[in-house]
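Construct the entire structure; sequences and hints are all you get.
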Amino acid sequence: MTQIAISLNQVVVAYQSQPVLWNVSADIYKGKLTALIGPNGAGKSTLIKAMLDLHPPVAGSVSFSAAGKTDAAYSEVKKAIAYVPQKSSVDWSFPTTVLDVVVMGRYGHLGWFKRPRKHDIQLAEEMLEKVGMEAFKDRQISQLSGGQRQRVFMARALAQQADIYILDEPLAGVDIKTERIIMQLLRELVLEGKTVMVVHHDLQTVEEYFDEVVFLNRQIIAAGPTEITFTEGNIEETYRKEQTVQSGVSER
Amino acid sequence: MMDQLISLLTDYTFQVVALGTGFLGLLSGVIGTYATIRGESLLGDALSHAALPGIAIGFLLIGRKEWVVLMLGAAASGLAATALIQWMSRKRVVKFDSALSLILSSFFGLGLVLLTHIQGSANANQAGLDTFIYGQASAMLIQDVQTIAGIGAVLLLVVGLFWKEFKAYTFDPVFTQTLGFSGTLLEFLLSGMMVVVIILGLESVGVILMSALVVGPSVAARQWSDRLSGVMGLSGLFGFLSGVIGTTLSSIGHQIPTGPTIVVVLSIFVMASLLFAPKRGLLMKQLEQKKRKQKYAQQLQTRKEANEYVG
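One line per chain: the protein sequences are A and B, in this order.
Here the first sequence is numbered in this note's numbering, starting from 457 and rising by one per residue.
Here the second sequence is numbered in this note's numbering, starting from 11 and rising by one per residue.
Just so you know, the hints here were simulated from the structure itself, not pulled from any lab data.
On a predicted model such as this, the values are computed, not experimentally measured, just so you know.
Glycine included, each C-beta is placed from N, C-alpha and C at the ideal position.
A few of these clues could be false.
Said to hold, decoys possible - Not everything, but these chain A residues come out facing chain B in the computed CB check (under 10 Å): (1) 553; (2) 569; (3) 572; (4) 575; (5) 577; (6) 616.
Given below as structure tokens:
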């Protein structure tokens with residue numbers, strides 16, 4: 457029996473009283489690579505923000521099993537959850553080096569005021585090696601290509617040594633080399649028994665890369681193992697139309 | 011000329027003003043670095059312009075120039091303006107830049123109206139209230155310098171304490187919050203420090219020019235360093251030098267205002283950095299490109315000659 461790592465229970469998220477996500481319930485399993493799939497505006501990033509308490513749900517709950525705890529709230533297991541935001545979400549002209557960004561992955565473990573130590577820096581260097589970027593460690597981050605930026609973010613998440621990894625479109629606009637490195641590392645993570653959830657856009661590669669899929673368009677369309685759930689019908693249903701929340705109720 | 015300079019440098023009043031504006035430049039350089047890095051330098055501009063009506067209202071309430079009350083008024087109206095700007099652009103009432111210029115000029119206009127009204131009144135205490143518009147650095151007293159130094163030391167201590175947190179938050183706020191650091195607290199500290207620095211500078215540099223002192227040093231410093239610590243250190247240095255050199259120049263000449271001179275000196279630092287900084291300077295970039303072009307042309311030429319020789 458596979459264990460549940462993240463449990464979404466009737467989650468409702470609203471922006472300015474307008475519900476964006478409606479009655480979202482799904483389980484994300486431990487030791488599995490799960491893809492979160494849906495068209496633009498389906499609420500994928502919103503769901504992630506809700507899970508990470510960045511934009512808390514107005515109703516429903518999200519619970520995590522990580523760091524030896526089960527059914528814990530996000531705030532209790534924060535340090536065991538690594539989040540990789542879209543690489544376009546930050547300003548890469550920020551004056552800092554590649555290594556420095558990866559060391560930031562250690563900040564959560566250090567807590568307030570404590571400075572990174574030798575151990576943290578060594579760990580960050582190891583993670584840079586894993587993503588094939590060790591030669592770039594002293595490089596100014598503005599000089600990196602899109603794929604390299606994504607790998608830096610990946611190394612930063614690995615430095616967190618978390619149990620659950622949540623990635624927002626890590627393969628968007630990256631070169632093939634980066635895509636292979638990232639997918640291989642994610643595969644290694646789930647083999648170690650960690651949980652990986654990825655917002656994914658490319659339907660072509662879903663079957664090759666992912667164990668589980670969650671189809672989302674304002675509500676859950678389907679969720680389950682890829683070989684059963686990744687069907688023409690479900691894809692059609694998810695991408696067919698601009699879903700409105702409570703479409704069943706509001707369509708009169 | 012030399013004698014004049016020496017007698018100036020040993021002049022007590024000069025020393026006080028130079029030190030005061032130097033400290034002010036250093037502080038706004040350091041704290042302003044966070045604002046320019048986050049792309050929020052215009053908010054500093056709005057904050058300082060919008061402080062004017064607060065100063066006037068503070069005066070109207072108590073009828074005399076009590077520094078603390080005037081500064082509280084300045085902070086309150088400055089913050090109210092930035093909150094309004096952010097609210098307007100978040101609710102998509104108008105775009106951010108429109109909201110900014112609208113609120114900035116209407117608050118500043120209100121401040122001018124109130125000040126003119128106060129000046130026309132019979133209250134004799136109002137004399138000198140208009141210095142807040144352009145600032146009056148030459149009137150700085152040793153107590154003012156002590157205030158700036160004291161508050162400045164606290165600010166620098168906060169920057170040192172929260173160094174890692176501020177760095178992570180200004181680079182990637184969302185990620186930093188997922189690490190367990192309170193975004194509300196960090197946001198409050200960062201904008202709080204900004205407000206304090208601007209308030210400190212209002213009396214000597216004025217509401218109009220204060221934003222230059224916040225933005226200028228770090229823009230110049232960014233040209234010379236690729237590290238946050240380097241940018242911030244240089245930014246503080248440029249701010250300090252601008253203060254001291256600006257005060258010196260305005261003291262040597264006759265009837266040269268201190269605040270504006272400081273800003274002019276600062277803009278020379280900025281221009282020089284934008285042009286001449288290695289790697290990032292416009293001039294250096296151009297030179298490098300020219301050299302590269304010549305090198306390629308030469309390579310092509312030698313290849314052509316070689317081909318002709320073979321042919």
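For this structure, which hints from the list above don't hold up? 4, 5
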